[in-house]
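Given the sequences, and given the hints that come with them, work out the whole structure.
1 is the number of the first residue of the sequence shown in UniProt numbering; add one for each residue after it.
Hints may be right or wrong, so weigh each one.
[Claimed, not checked] Pairs of lysine to any residue, SDA-like flavour, derived with a Cα cap of 20 Å:
hint, residue 1, residue 2
1, Lys-83, Gly-49
2, Lys-94, Ala-82
3, Lys-83, Pro-105
4, Lys-94, Asp-61
5, Lys-117, Pro-91
6, Lys-94, Pro-54
7, Lys-83, Arg-107
8, Lys-117, Gly-5
9, Lys-94, Gly-49
10, Lys-94, Ala-154
11, Lys-117, Leu-67
12, Lys-94, Tyr-65
13, Lys-83, Thr-59
14, Lys-117, Pro-54
15, Lys-94, Val-52
16, Lys-94, Pro-114
17, Lys-94, Phe-110
18, Lys-83, Asp-103
19, Lys-117, Phe-63
20, Lys-83, Tyr-30
21, Lys-83, His-28
22, Lys-117, Ala-34
23, Lys-94, Arg-107
24, Lys-83, Ile-109
25, Lys-117, Ile-18
26, Lys-83, Thr-102
27, Lys-94, Phe-145
28, Lys-83, Ala-139
29, Lys-117, Gly-49
30, Lys-117, Ala-139
31, Lys-117, Cys-36
32, Lys-94, Ile-56
33, Lys-117, Ala-154
34, Lys-117, Ala-82
35, Lys-117, Pro-95
Just so you know, these hints were derived from the structure itself, not from any lab.
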Amino acid sequence: MSENGPLLARITRAGQGIDGTVWNVLGHTYYFKANCDSAFSFETYDPPGTFVPPHIHPTQDEFIYVLEGTFDLYLDGEWLQAKTGDLVCMPMGKPHAYYNRTDTPNRAIFWVSPGRKLKALFDQLHDLTDPDEVVRRSAACEVDFLPPGSVPGA
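Listed below in structure tokens is the structure:
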């Protein structure tokens, strides 16, 4: 049974979300770009010092296309950097994290395939300020955060 439906033909402008949907999640701004059975996509604005700690998507591949800035990334046991124009591939089941450790904001396009429950998760996380509740709700939507301290440097 379909959770998200077919992809709709449309253009969603930079810095805007579909139907004005913008999520604020623990300091990040996420602009809703697309949601369908095969994919979910969002644009990010990540101020200096923001990050998403190590986690796993057991049912989705995830990608980042860096529009502006530099991300420090934890990818399957390695620390790497992605810069403007780079594409990051994060296979399902592999731990990953991203950090803006610079003094300027970063922007990127993220997408996952298949779409599954990620839009529903972002709807739940909007304006939530309790990190423990973010972790709990994420687990219920197929995003599993690793225990704090389990990744050196994270």
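Right, here's what the structure says about each hint:
The suggested pairing of Lys-83 with Gly-49 holds, with an alpha-carbon distance near 16 Å, which does not exceed 20 Å. Between the alpha carbons of Lys-94 and Ala-82 the distance comes to roughly 17 Å, so the proposed pair stays at or under 20 Å and holds. Straight-line distance between C-alpha atoms of Lys-83 and Pro-105 comes to about 12 Å, which keeps the hinted pair within the 20 Å bound. Among the hinted pairs, Lys-94 with Asp-61 is consistent with the structure: their alpha-carbon atoms are about 9 Å apart, no more than 20 Å.
Among the hinted pairs, Lys-117 with Pro-91 is consistent with the structure: their alpha-carbon atoms are about 17 Å apart, no more than 20 Å. Restraint check: the Cα-Cα separation between Lys-94 and Pro-54 comes to about 10 Å, which is no more than 20 Å; the hinted pair holds. For the given pair, Lys-83 sits about 10 Å from Arg-107 by alpha-carbon distance, which is consistent with the 20 Å threshold. Annotation: proposed proximity of Lys-117 to Gly-5 holds, straight-line Cα distance about 12 Å (limit 20 Å).
Taking the CA atoms of Lys-94 and Gly-49, the gap is about 24 Å. The hint is violated against a cut of 20 Å. A threshold of 20 Å between alpha carbons decides the hint, and for Lys-94 with Ala-154 the separation of about 15 Å falls inside it, so the pair holds. Between Lys-117 and Leu-67, the direct Cα distance comes to roughly 25 Å. Violation of the 20 Å bound is thereby established for this hinted pair. Of the supplied pair hints, the one linking Lys-94 and Tyr-65 holds, its CA atoms being roughly 18 Å apart against a limit of 20 Å.
Note on Lys-83 and Thr-59: the hinted pairing is violated, with a Cα-Cα distance of about 27 Å set against a maximum of 20 Å. Between Lys-117 and Pro-54 the CA atoms are separated by roughly 19 Å; this keeps the pair inside 20 Å, and the hint holds. A C-alpha spacing of about 15 Å is found between Lys-94 and Val-52, which places the hinted pair at or below 20 Å, so the restraint holds. Between Lys-94 and Pro-114 the CA atoms are separated by roughly 16 Å; this keeps the pair inside 20 Å, and the hint holds.
Restraint check: the Cα-Cα separation between Lys-94 and Phe-110 comes to about 16 Å, which is no more than 20 Å; the hinted pair holds. For the hint linking Lys-83 to Asp-103, the alpha-carbon distance of about 14 Å falls within 20 Å, and the restraint holds. This hinted pair checks out: Lys-117 and Phe-63 have alpha carbons roughly 16 Å apart, not beyond 20 Å. Taking the CA atoms of Lys-83 and Tyr-30, the gap is near 19 Å; set against the 20 Å cutoff, the hint holds.
As the CA atoms of Lys-83 and His-28 are separated by approximately 18 Å, the hinted pair is consistent with the 20 Å bound. The straight-line distance between the Cα atoms of Lys-117 and Ala-34 is roughly 13 Å, inside the 20 Å bound, and the hint therefore holds. Restraint check for Lys-94 and Arg-107: the C-alpha separation of about 23 Å exceeds 20 Å, so the hint is violated. Straight-line distance between C-alpha atoms of Lys-83 and Ile-109 comes to about 13 Å, which keeps the hinted pair within the 20 Å bound.
For the hint pairing Lys-117 with Ile-18, the CA-to-CA distance comes to about 17 Å; that is within 20 Å, so the pair holds. Straight-line distance between C-alpha atoms of Lys-83 and Thr-102 comes to about 12 Å, which keeps the hinted pair within the 20 Å bound. Restraint check for Lys-94 and Phe-145: satisfied, since their Cα atoms lie roughly 11 Å apart, inside the 20 Å limit. Taken as a hint, the Lys-83 and Ala-139 pair is broken in the structure, with Cα atoms around 29 Å apart against an allowance of 20 Å.
Restraint check for Lys-117 and Gly-49: not satisfied, since their Cα atoms lie roughly 27 Å apart, outside the 20 Å limit. For the hint pairing Lys-117 with Ala-139, the CA-to-CA distance comes to about 11 Å; that is within 20 Å, so the pair holds. Distance restraint check for Lys-117 and Cys-36: the Cα-Cα separation of roughly 10 Å lies within the 20 Å cut-off, and the hinted pair is therefore satisfied. The straight-line distance between the Cα atoms of Lys-94 and Ile-56 is roughly 6 Å, inside the 20 Å bound, and the hint therefore holds.
Taking the CA atoms of Lys-117 and Ala-154, the gap is near 26 Å; set against the 20 Å cutoff, the hint is violated. Taken as a hint, the Lys-117 and Ala-82 pair is broken in the structure, with Cα atoms around 26 Å apart against an allowance of 20 Å. With a CA separation close to 18 Å, the supplied pair Lys-117 and Pro-95 stays within the 20 Å bound.
Consistency with the previously given hints fails for numbers 9, 11, 13, 23, 28, 29, 33 and 34, ordered from lowest to highest.
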